[in-house]
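J.: Going down the list, the protein sequences come from chains A and B. One rule links them: number in this note's numbering = place in the first sequence (from 1) + 68. One rule links them: number in this note's numbering = place in the second sequence (from 1) + 276.
A hint or two may mislead.
[What the hints assert, rightly or not] Lysine to any residue pairs mimicking SDA-like chemistry, simulated, CA-CA at most 25 Å apart:
hint	chain 1	residue 1	chain 2	residue 2
1	B	K695	B	K589
2	A	K88	B	K479
3	A	K88	B	S299
4	B	K366	A	S111
5	A	K88	B	E485
6	B	K493	A	H152
7	B	K695	A	L93
8	B	K493	A	S111
9	A	K88	B	I511
10	A	K88	B	N657
11	A	K88	B	S523
12	B	K366	A	L77
13	B	K677	A	E99
14	A	K88	B	L312
15	B	K493	A	S153
16	B	K638	B	S299
17	A	K88	B	D628
18	B	K499	A	E122
19	A	K88	B	R541
20	A	K88	B	L709
21	B	K677	A	T98
22	B	K479	A	P91
23	B	K479	A	L121
24	A	K88	B	R694
25	B	K493	A	N102
26	B	K493	A	T98
27	B	K499	A	D130
28	B	K677	A	E105
29	B	K677	A	T140
30	B	K677	A	D137
31	B	K615	B	N657
32	B	K479	A	F134
33	B	K615	B	I511
Hints are computed from structural coordinates only; laboratory data are not their basis.
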Amino acid sequence: MEAQKVNYLSEINELLCNVKNDPSLAGQVTEQSNFIEDFGIDSLDIVDFMLELESQFDIEVDFDAFDFDNLTSAKRLVEYIRSHSATEA
Amino acid sequence: MSAHVYWAHLDPEASWNCANNLSLPSPMGAKSALHLALLDEMFVPARRQDIALTMLPKCQVLHEYHASLGGSYHPQSVFNSAEAWLAENKPSWPDVLSSIAQSSGALGPFSAVNELFSSYHQAPYAYLPNMPAESEQVFPALSAIQFANSKATITQLCQQMEIPCSGIVIEQQSDLYKLQELDYPYVMKEAFGVSGRGAYLVKESRITERLIRHFSKQIDGGKHGGLIAQPWLDIEIDFSSQWHIDSNGEVRFLGLCQVINSGFRFAGIDLCCNALTRTIEQSQYYEQVQLLMSALFKHGYFGPVCVDSALLKDGTVYPVIEVNARESMGSIAMRWRQKLSLSENIRLRQYDVQYQSALQFKDILSKLSKCGVLFKDGSDNGVVPLTAANLLLPVNSSFAKGRWVQLECGAQSSEYYRKALSACLSEAGASLL
């Protein structure tokens, strides 16, 4: 379980590097990370970030119900992905 | 002429948007950046006797510095301190206006603001719902303001008038298939999106299909309209023109400026653009935009207008990318140039700043002066800082973010001034992002 969580974080981190076009962010995402405050994800990046998350984890986000606070904690985001992932359900 | 009261809400689009409009994928509950509410101090009154009503008191050091350059006016504020504003949960101008409207003005918490608005002619950055006015002042109807600012209605209007303005408007389910016929990349925009929000570059069909599913779901839920898809333009230079439509319908051209963008993000303004001006004069630009201004007046709008346009790489002048029927960063730069009697060669630049504790603005001005980049009365070169309030907030997290906006005068490059600013901020415990 713990190893799987680490993989989620690692994959999210890779997506973050791509969306921000900033390789120096590699290895920076921890469970406590706030994507908005710690990595400067702004409203333009969010769409890209979320659509890439969908593709990477094979989920479909209901944006009109997705809580912004899920982006203020990597732990919360992982929990959201896990709860919406077909393989985890 | 009696004194005017100037006030600015820099996120008016959110107040104009219709809740029923379709929207791009975006999480619920995303908030405007805190510093946006405090950038209102950039909106400078024209005359010495005018009042600038800002959310927080203007930084005294900055005000005295501007006054030393000849930029005098009367500053007043809605709240008497940052602490008072934070304690009231950081209300923005729409909150203030709504409170005044609900309390009938006289007895509410913002009665002093209402008193000012009842006594002076208002010069707002943008018209908002619920604006109280002195008896002789008339504002356009909200529907006219929305019409003039909606990217969807402007696209349709330009196409009806045969003013070049490519794009398709998405109103309903049957329009969605049109997205599949577009060349890549293309840009999806919300009707009331602004720089840094409400636009998305679609690069591949996989994303088109995902967006169609998203919009379909919204349409099934009762939403409609409010979206456009524009072709990707091969732009050489972004520029904007500033206009004013008087309440009698007279249209006045105020000026032209080059706009510096980084992707969809606004980065700055260059007021000196002689070569660009000559190119535009050889096109039908002014005639086309004049026609558009007249049409906006016929639809009930009068007031300030900024038209975003572009010079394409093939030399074509593309007249209308979008219309912002309000003041703009271009008009703010022009107002400061006039206020401080600066030369033509003026640039405006904005930078995001991260700081660990509230900055001491006096120290920053002193550092800028010491390294020779602070503009002083009688000189030709240097920077004029325009904003302070958003960098002086008490911070309760380890870092806070704000925005630095400055005018740049003279021949030195923006990069030169950026490096100097970065060094000064670094010494003060802050950094440019």
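J.: If a hint holds in the structure, say so; if it doesn't, say that too.
T.: Comparing the hints with the structure gives:
no.: 1; hint: B:K695 x B:K589; result: violated, 30 Å
no.: 2; hint: A:K88 x B:K479; result: holds, 16 Å
no.: 3; hint: A:K88 x B:S299; result: holds, 23 Å
no.: 4; hint: B:K366 x A:S111; result: holds, 20 Å
no.: 5; hint: A:K88 x B:E485; result: holds, 23 Å
no.: 6; hint: B:K493 x A:H152; result: holds, 18 Å
no.: 7; hint: B:K695 x A:L93; result: holds, 23 Å
no.: 8; hint: B:K493 x A:S111; result: holds, 21 Å
no.: 9; hint: A:K88 x B:I511; result: holds, 23 Å
no.: 10; hint: A:K88 x B:N657; result: violated, 35 Å
no.: 11; hint: A:K88 x B:S523; result: violated, 46 Å
no.: 12; hint: B:K366 x A:L77; result: violated, 34 Å
no.: 13; hint: B:K677 x A:E99; result: holds, 22 Å
no.: 14; hint: A:K88 x B:L312; result: holds, 22 Å
no.: 15; hint: B:K493 x A:S153; result: holds, 20 Å
no.: 16; hint: B:K638 x B:S299; result: violated, 43 Å
no.: 17; hint: A:K88 x B:D628; result: holds, 16 Å
no.: 18; hint: B:K499 x A:E122; result: holds, 23 Å
no.: 19; hint: A:K88 x B:R541; result: holds, 14 Å
no.: 20; hint: A:K88 x B:L709; result: holds, 13 Å
no.: 21; hint: B:K677 x A:T98; result: holds, 21 Å
no.: 22; hint: B:K479 x A:P91; result: holds, 22 Å
no.: 23; hint: B:K479 x A:L121; result: holds, 17 Å
no.: 24; hint: A:K88 x B:R694; result: holds, 22 Å
no.: 25; hint: B:K493 x A:N102; result: violated, 29 Å
no.: 26; hint: B:K493 x A:T98; result: violated, 33 Å
no.: 27; hint: B:K499 x A:D130; result: holds, 15 Å
no.: 28; hint: B:K677 x A:E105; result: holds, 9 Å
no.: 29; hint: B:K677 x A:T140; result: holds, 16 Å
no.: 30; hint: B:K677 x A:D137; result: holds, 19 Å
no.: 31; hint: B:K615 x B:N657; result: holds, 17 Å
no.: 32; hint: B:K479 x A:F134; result: holds, 24 Å
no.: 33; hint: B:K615 x B:I511; result: violated, 32 Å
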